[in-house]
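*Asks:* Construct the entire structure; sequences and hints are all you get.
Everything in the sequence shown is counted per the working numbering, starting at 392 for the first residue and increasing by one.
Calculated from the structure, these hints are not laboratory results. Just so you know, not all the hints are guaranteed correct.
Under the rule of at most 20 angstroms between Cα atoms (straight-line distance), these lysine to any residue pairs were calculated in the SDA-like manner [said to hold, decoys possible]:
id	residue 1	residue 2
1	K504	E515
2	K490	G475
3	K396	R471
4	K430	G453
5	K459	A523
6	K402	F431
7	K402	A424
8	K396	E474
9	K395	M479
10	K414	R440
11	K398	S468
12	K490	K504
13	K449	S419
14	K395	S468
15	K402	Q417
16	K396	L437
17	K396	F431
18	K451	D412
19	K430	E420
20	K441	V472
21	K396	K441
22	K504	L485
23	K402	N519
24	K402	I477
25	K402	D412
26	K441	S468
27	K402	E463
28	K398	S438
29	K398	L525
30	K448	A422
These figures come from a predicted structure and were not determined experimentally.
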Amino acid sequence: MLSKKTKYGLKALTFLAQQEDKKPVQISEIANAENISQKFLETILLSLRKTGFLGSKKGKGGGYYLIKDPAEIQMASVMRVLEGPISMVPCVSLNFYEKCDDCPDEAACGVHKLMLQVRDSNLEIYRNTSLADLIA
392 MLSKKTKYGL
402 KALTFLAQQE
412 DKKPVQISEI
422 ANAENISQKF
432 LETILLSLRK
442 TGFLGSKKGK
452 GGGYYLIKDP
462 AEIQMASVMR
472 VLEGPISMVP
482 CVSLNFYEKC
492 DDCPDEAACG
502 VHKLMLQVRD
512 SNLEIYRNTS
522 LADLIA
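*Replies:* Quick look at the structure:
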């Protein structure tokens, strides 16, 4: 299940992508428009800023804004920042691989085979979907 952090992060990114003037938007405006706790949203936006999706401006007229064009923001990257590994089990993760303690043979494991397919299907969607696709 998608975490609230990821859901709210996607909603905030979508909100920012829909801004026609691309000027910085205050956290309170995003929080009110998307019905998100301002304090929680603050931590999410900070994470997105630190990982290069957002820029921020302090002071009058300040707030958060997209650094890249929405078409250049791939959902696979956003999901990894907000949600962590895309795979549901560590033994099929591309970036966070760990052997399962309870599995003597990955090649013969039915769970491993199924989760490879799930990971690949999700990755296919995330890699072929940009932020621009979410606002179209």
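*Asks:* Now tell me if each hint is right for this structure.
*Replies:* Comparing the hints with the structure gives:
1. K504 to E515: Holds, at about 17 angstroms.
2. K490 to G475: holds, 17 angstroms
3. K396 to R471: holds, 12 angstroms
4. K430 to G453: Holds: K430 and G453 sit about 17 angstroms apart, inside 20 angstroms.
5. K459 to A523: holds, 11 angstroms
6. K402 to F431: holds, 13 angstroms
7. K402 to A424: Status holds; Cα separation ~10 angstroms.
8. K396 to E474: holds, 8 angstroms
9. K395 to M479: holds, 17 angstroms
10. K414 to R440: With Cα atoms ~15 angstroms apart, K414 and R440 stay inside 20 angstroms; holds.
11. K398 to S468: OK: K398 and S468 at ~14 angstroms, within 20 angstroms.
12. K490 to K504: holds, 14 angstroms
13. K449 to S419: holds, 14 angstroms
14. K395 to S468: OK: K395 and S468 at ~17 angstroms, within 20 angstroms.
15. K402 to Q417: holds, 15 angstroms
16. K396 to L437: holds, 12 angstroms
17. K396 to F431: Within the cut-off at roughly 8 angstroms; holds.
18. K451 to D412: holds, 16 angstroms
19. K430 to E420: holds, 13 angstroms
20. K441 to V472: holds, 10 angstroms
21. K396 to K441: With a Cα-Cα distance of about 15 angstroms, the restraint between K396 and K441 holds, given a limit of 20 angstroms.
22. K504 to L485: holds, 14 angstroms
23. K402 to N519: holds, 19 angstroms
24. K402 to I477: holds, 19 angstroms
25. K402 to D412: Measuring from Cα to Cα gives roughly 18 angstroms; hence the hint holds.
26. K441 to S468: Judged against 20 angstroms, a Cα distance of about 13 angstroms means the pair holds.
27. K402 to E463: With a Cα-Cα distance of about 17 angstroms, the restraint between K402 and E463 holds, given a limit of 20 angstroms.
28. K398 to S438: holds, 14 angstroms
29. K398 to L525: holds, 13 angstroms
30. K448 to A422: OK: K448 and A422 at ~17 angstroms, within 20 angstroms.
Hint compliance for this structure: no hint is broken.
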